[in-house]
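Enquirer: Here is what each chain is made of, one letter per residue.
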Amino acid sequence: EAGVAQSPRYKIIEKRQSVAFWCNPISGHATLYWYQQILGQGPKLLIQFQNNGVVDDSQLPKDRFSAERLKGVDSTLKIQPAKLEDSAVYLCASSMQGVNTEAFFGQGTRLTVV
Amino acid sequence: SQQGEEDPQALSIQEGENATMNCSYKTSINNLQWYRQNSGRGLVHLILIRSNEREKHSGRLRVTLDTSKKSSSLLITASRAADTASYFCATDANAGKSTFGDGTTLTVKP
Chain H
1 EAGVAQSPRY
11 KIIEKRQSVA
21 FWCNPISGHA
31 TLYWYQQILG
41 QGPKLLIQFQ
51 NNGVVDDSQL
61 PKDRFSAERL
71 KGVDSTLKIQ
81 PAKLEDSAVY
91 LCASSMQGVN
101 TEAFFGQGTR
111 LTVV
Chain B
1 SQQGEEDPQA
11 LSIQEGENAT
21 MNCSYKTSIN
31 NLQWYRQNSG
41 RGLVHLILIR
51 SNEREKHSGR
61 LRVTLDTSKK
71 SSSLLITASR
81 AADTASYFCA
91 TDANAGKSTF
101 GDGTTLTVKP
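Protein sequences, first through last, are from chains H and B.
When the letters of the first sequence are read in order and numbered with this note's numbering, they come out as residues 1 to 114.
When the letters of the second sequence are read in order and numbered with this note's numbering, they come out as residues 1 to 110.
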């Protein structure tokens, strides 16, 4: 079974530039998550999708971050404009619908903002 | 807001010894999950324990959950150098939304 695919693996941009990350979840997984993990910390949930609808985006900085999940499958996370403090690993995860289900994580995209 | 908090922040042991990590949380939960993260990699799911369960085993891993104390522990028996990683607990209190702690960094010396 293919896992969660993310691209790119690494990205370096200058502050005020824009960047986009892509995620392809495991086939059949209705729930998709984007997490931000700053070095030395645990992952912080940015947004949770159920199919193509947003379940929770309370911690998404909406003035600069946006995410979409077209057709309830792939998802993109965009940052525009980027700030230095956005340097982090952005993790995508997916799970089957329902409570008490395991989340599967991709390898993440390491973003460096200079 | 951070729900789960792991303790200790860092743990260093010799190969063959047991490693115990603890997680405390603040509110009622549906389940608690433990993940492992090797340096520079994604998270790997280890065990999910439901709120009505008290103990689960998976190979060399043993997880306990005490909902009255709002705490969980992860025991790795007969540790190996390959167990060196960061370990995170994640609590699900609301519709699959998991909140992670900042992890315990485990170093197993050969």
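I should point out that these hints are in silico values taken from the structure, not numbers from a laboratory.
Just so you know, not all the hints are guaranteed correct.
[What the hints assert, rightly or not] 27 Å max Cα-Cα, derived DSS-like pairs, lysine-lysine:
#, chain 1, residue 1, chain 2, residue 2
1, B, K97, H, K62
2, B, K97, H, K44
3, B, K97, H, K78
4, H, K44, B, K109
[Stated by the list, open to error] Label-pair distances were calculated between CB atoms; the ranges are:
#, chain 1, residue 1, chain 2, residue 2, range
5, H, Q50, B, R50, 39 to 45 Å
6, H, N51, B, R41, 26 to 32 Å
7, H, K83, B, S68, 41 to 47 Å
8, B, N94, H, S27, 21 to 27 Å
9, B, G16, H, S27, 39 to 45 Å
10, B, G16, H, K44, 32 to 38 Å
11, H, K15, B, Q14, 42 to 48 Å
12, B, R60, H, V99, 35 to 41 Å
[Said to hold, decoys possible] Computed far set for chain B versus chain H, every beta-carbon distance over 10 Å:
#, residue
13, P8
14, E15
15, N18
16, T27
17, N31
18, R41
19, G42
20, R50
21, S58
22, R60
23, R62
24, T77
25, T99
26, G101
27, D102
Glycine included, C-beta positions come from ideal geometry on N, C-alpha and C.
Enquirer: Please go over all the hints and tell whether each is borne out by the structure.
Expert: Verification of the supplied hints:
1. Distance restraint check for K97/B and K62/H: the Cα-Cα separation of roughly 19 Å lies within the 27 Å cut-off, and the hinted pair is therefore satisfied.
2. This hinted pair checks out: K97/B and K44/H have alpha carbons roughly 11 Å apart, not beyond 27 Å.
3. Of the pairs offered as hints, the one joining K97/B and K78/H holds, with about 21 Å between alpha carbons and a cut-off of 27 Å not exceeded.
4. Note on K44/H and K109/B: the hinted pairing is violated, with a Cα-Cα distance of about 30 Å set against a maximum of 27 Å.
5. Taken as a hint, the range 39 to 45 Å is violated for the pair Q50/H and R50/B, whose Cβ atoms sit roughly 21 Å apart.
6. Restraint check, N51/H to R41/B: a C-beta distance of roughly 28 Å satisfies the suggested window 26 to 32 Å.
7. Hint check: K83/H to S68/B, Cβ distance near 43 Å, so the stated range 41 to 47 Å holds.
8. The beta-carbon spacing between N94/B and S27/H, approximately 26 Å, falls within the hinted interval of 21 to 27 Å.
9. Taking 39 to 45 Å as the suggested C-beta distance range, the pair G16/B and S27/H conforms, at roughly 41 Å.
10. The given range of 32 to 38 Å is respected by G16/B and K44/H, whose C-beta atoms sit roughly 35 Å from each other.
11. Checked against the hint of 42 to 48 Å, the C-beta distance between K15/H and Q14/B comes to roughly 45 Å, which is consistent with it.
12. Distance hint check: the CB atoms of R60/B and V99/H are about 28 Å apart, inconsistent with the given range 35 to 41 Å.
13. With a minimum CB-CB distance of about 15 Å to chain H, P8/B clears the 10 Å threshold, and the non-interface call stands.
14. Remark: the non-interface label on E15/B is consistent with the geometry, its nearest Cβ contact in chain H lying 25 Å away (cut-off 10 Å).
15. Residue placement check: N18/B keeps its beta carbon more than 10 Å from all beta carbons of chain H (closest about 24 Å).
16. Listed as a non-interface residue, T27/B keeps its Cβ farther than 10 Å from every Cβ of chain H; the least gap is roughly 15 Å.
17. At roughly 5 Å, the least C-beta separation between N31/B and chain H is not larger than 10 Å, which violates its mark as non-interface.
18. Against the 10 Å criterion, R41/B falls within the reach of chain H, whose nearest CB is about 6 Å from its own CB.
19. For G42/B, the shortest C-beta to C-beta distance to chain H comes to about 4 Å, within the 10 Å cut-off, and the non-interface label is violated.
20. Look at R50/B: its CB is around 6 Å from the nearest CB on chain H, not clear of 10 Å, so calling it non-interface is violated.
21. With a closest Cβ-Cβ approach of about 12 Å to chain H, S58/B is found to remain outside the 10 Å limit, as its non-interface label requires.
22. Taking the minimum C-beta to C-beta distance to chain H, about 19 Å, the non-interface status of R60/B holds against the 10 Å cut.
23. No Cβ of chain H comes within 10 Å of the Cβ of R62/B; the nearest lies about 18 Å off, and the non-interface call holds.
24. Against the 10 Å criterion, T77/B stays outside the reach of chain H, whose nearest CB is about 22 Å from its own CB.
25. The Cβ of T99/B sits about 7 Å from the closest Cβ of chain H, inside the 10 Å cut-off, so the non-interface label is violated.
26. Non-interface call for G101/B relative to chain H: violated, since the shortest CB-CB distance, roughly 5 Å, does not exceed 10 Å.
27. The beta carbon of D102/B sits about 5 Å from the closest Cβ of chain H, which is not more than 10 Å, so the claim that it is off the interface is violated.
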